[in-house]
Amino acid sequence: MKEPKIVAFLCNWCSYAGADLAGVSRLQYPPNVRIVRVPCSGRVDPLFILTALKHTDGVLTAGCHPGDCHYTSGNLVARRKFTLLKSLLEFVGIEEKRVQFDWISAAEGNRFAARIRDVTEEVKGLEPWDRWGGRQDG
Amino acid sequence: MYEILKDDFFLWLKGQLGQKEILAPRLKEEGYLFLPWDGEELELTGYTNTLKPVKDAFFPQWEALIRYRMDKGKPVQVMGENPATKPLILFGVRPCDARSILLLDRVFNGPKYKDQHYRERRENTFVISLACSEPASTCFCQDLGISPLAKEGSDILLVDLGDKFLALADTLKGEEILQERPFSPATPGSMDKFQALQGVSRQAAAASLVPEILSGELSQVFVLPLWDEIYRKCLNCGVCTYLCPTCHCFDISDETTDTEGRRVRSWDSCMFGNFTQHGSGHNPRPTGKERIRQRVLHKFKYFPENYLAVACVGCGRCVAKCPVNFDIREVLKRLGGCQDDMSM
Amino acid sequence: MDKCIREIRDKAQELLETGQVEVVIGFTAGTLPGKSTPCFITRGEDCKLLVWDEGCKNNLANYLLKEKRKAAIIIKGCDSRSLVNLLTENQLSRDRVVILGAPCPLTEGCEGCQIKSPVIYDYLVSGKAGKTGEDDFHDVKTFARLSPQERKEYFYKEVSKCIRCYACRNACPACYCRECFVENNLPQWVGKSTQLADNLIFHLTRALHVAGRCVDCGACQRACPMGVDLRILNRKMLLEVKELYQFEAGLKEEQELPLNTYDPGDPEPFLAGGGEA
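Chains as they are written, first to last, in the working numbering: chain A, 2 to 139; chain B, 37 to 380; chain C, 204 to 480.
In case anyone wonders, no lab produced these hints; they're calculated from the structure.
Treat the hints with care, since some could be wrong.
In the BS3-like style, the derived pairs of lysine-lysine whose C-alpha atoms are separated by at most 27 Å in a straight line are [claimed, not checked]:
#, chain 1, residue 1, chain 2, residue 2
1, B, Lys64, B, Lys108
2, C, Lys445, B, Lys325
3, B, Lys108, A, Lys6
4, A, Lys98, C, Lys445
5, A, Lys82, C, Lys445
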């Protein structure tokens, strides 16, 4: 299949720094990912993820590990939101691997690169995504 | 006047499928809808009218007007959109909806303004209507002076006479078709039956529901105390306007990604709060009161002033589907009783 | 029910005539069979127009959001839960409203309804509400047993009927945002077309926005002119919130809404690999 496009919403304080570390450490990871930096994983409205799926094939959202949030509890509130989003998506028949979440700290460049590799491979392994019924190439 | 055996008619209609697309009322879970017909038997017992109005065929809920691409260092490319050009037959339109097409014509294909997309679809469409024999409890076309046997707006109107249809034309296109086989001139017996039906419908026609007061001064109508009351239960959703065969307001929005986009025209509704929202934040119709007043007066005052006809055909969809039972007939009756308020 | 409506009318009249409220929000006879219609009564003598019958289906709590006058409202079980929610979310001030609670007039009731009598009121009208059953969410559970492909097809089919009239949103007392995300145009999140993608994004996002606040009154589904099965999405969220966070919306005042808070030990089933690091 065509190379899938993946969007990654990364929190400014941990996961984006983790991606940065992966870069300066010259770790290889697939170029399928497009990174969107957000202030906190708590800023990620489900709408962002659903809208991203209109134009791309998979979404990864990552934030600080629980307990490490720059704003104390942004990721903990986000956790409940993501739980519900994920279960709703699964309920309406969207594959589990299409929308993924992870906690990635600023020190985890390796984890970031590995996660991008996994997400890319896993999305490639799924049936082609219909982009909410409006698939156009690109 | 012409007639045709029902079986012969459907054979003839099937014969048109090669050159034309045919939309006919099809029963879906939610109700009857105009959907493509490919020749199988039509289930029309219990068909009063479609859930969505016929305007969708000419003025679709949304359409792309243009598409564009912006590549770095190159001029912007603009691609026009061509509406579908395959000739269309609309079968099973009710007389109220057929009339609504004439009203929309005045807006989108009138002397002042011609909308290219609307016009192309309209000119490509042949309308075959079915006269009503059993109106629904929400129907009030006759209260607006529209006969359930009216042919206006249809190329051909079919009247059910048991095993045959009586066929009348309202256009040259329609007349040409009826002059040829398998249609044949109506027998005296069929004509008598039609006359009898007309007699019944004329008897049923009540006095006009459109109150006199609305032809009065706008400055007086605009400030009637009833506007302060009737709007309160309205939820300001778009059910009434989206299901209305004559409502024709639209919005234009650009949907873009970084390098390309399209300009979309989509239905809009005067019931929505942001319909008149200005960029400044000011809203000249800030509450439901102004919005309801707009809907009623547009149909029964402004449209008649601009286009010489009431913009309501009495199909009753808004009455049947309003979530809070806002009934336009009640509003008209109450307006009729407002004469005294006016003289104050 | 005769006694019930007499009590409602008397109390409403008393409240208006003694100046305790300026308006009574209730139901009056509608123009279609089986439909009663919301009404706003300001004169004591008009209270005889009030009805309380099978047709009283709308969720009236909605109207309090726009009401500037001091109001009395006649409510049934689910409306009262919406009202509690609005109080919890500081959308209403309690001293601006007099609550006339009455047992739900629908004899058949709605499937899964557990609360037919108001949970909050100033006056409670006598009368017995119909039976309530334990909500076992069998509709949600049965649906979940279908294959993912079947579930997706069903959901796509339902949502493709949507004409984006927003009756569901406007009928919902939990949907009170001043500016809804669908009306945002800088950036324009959701397209204005009724293309499947935009319809899907609208309905999924709405289900998530009302998750933890939805009281399953069914107003959205009843308002829908196209018969879209909206309730299944809301009920899925209801079940999740109940199981994961032991929370049911609108049952008591001053409980923190589940999506406004967290527990350090919350489960993380959504994580890649199911939660193990």
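Hint consistency between Lys82 of chain A and Lys445 of chain C [alpha-carbon to alpha-carbon, up to 27 Å]: This hinted pair holds, its Cα atoms lying about 14 Å apart.
Given pair status - Lys325 of chain B, Lys445 of chain C, alpha carbons within 27 Å: This hinted pair is violated, its Cα atoms lying about 40 Å apart.
Straight-line alpha-carbon gap Lys108 of chain B to Lys6 of chain A, limit 27 Å: holds (22 Å)
27 Å Cα cutoff - pair Lys98 of chain A, Lys445 of chain C: Holds: Lys98 of chain A and Lys445 of chain C sit about 25 Å apart, inside 27 Å.
Straight-line alpha-carbon gap Lys64 of chain B to Lys108 of chain B, limit 27 Å: violated (48 Å)
Checked against the numbered hints above, the structure violates hints 1, 2; every other hint is satisfied.
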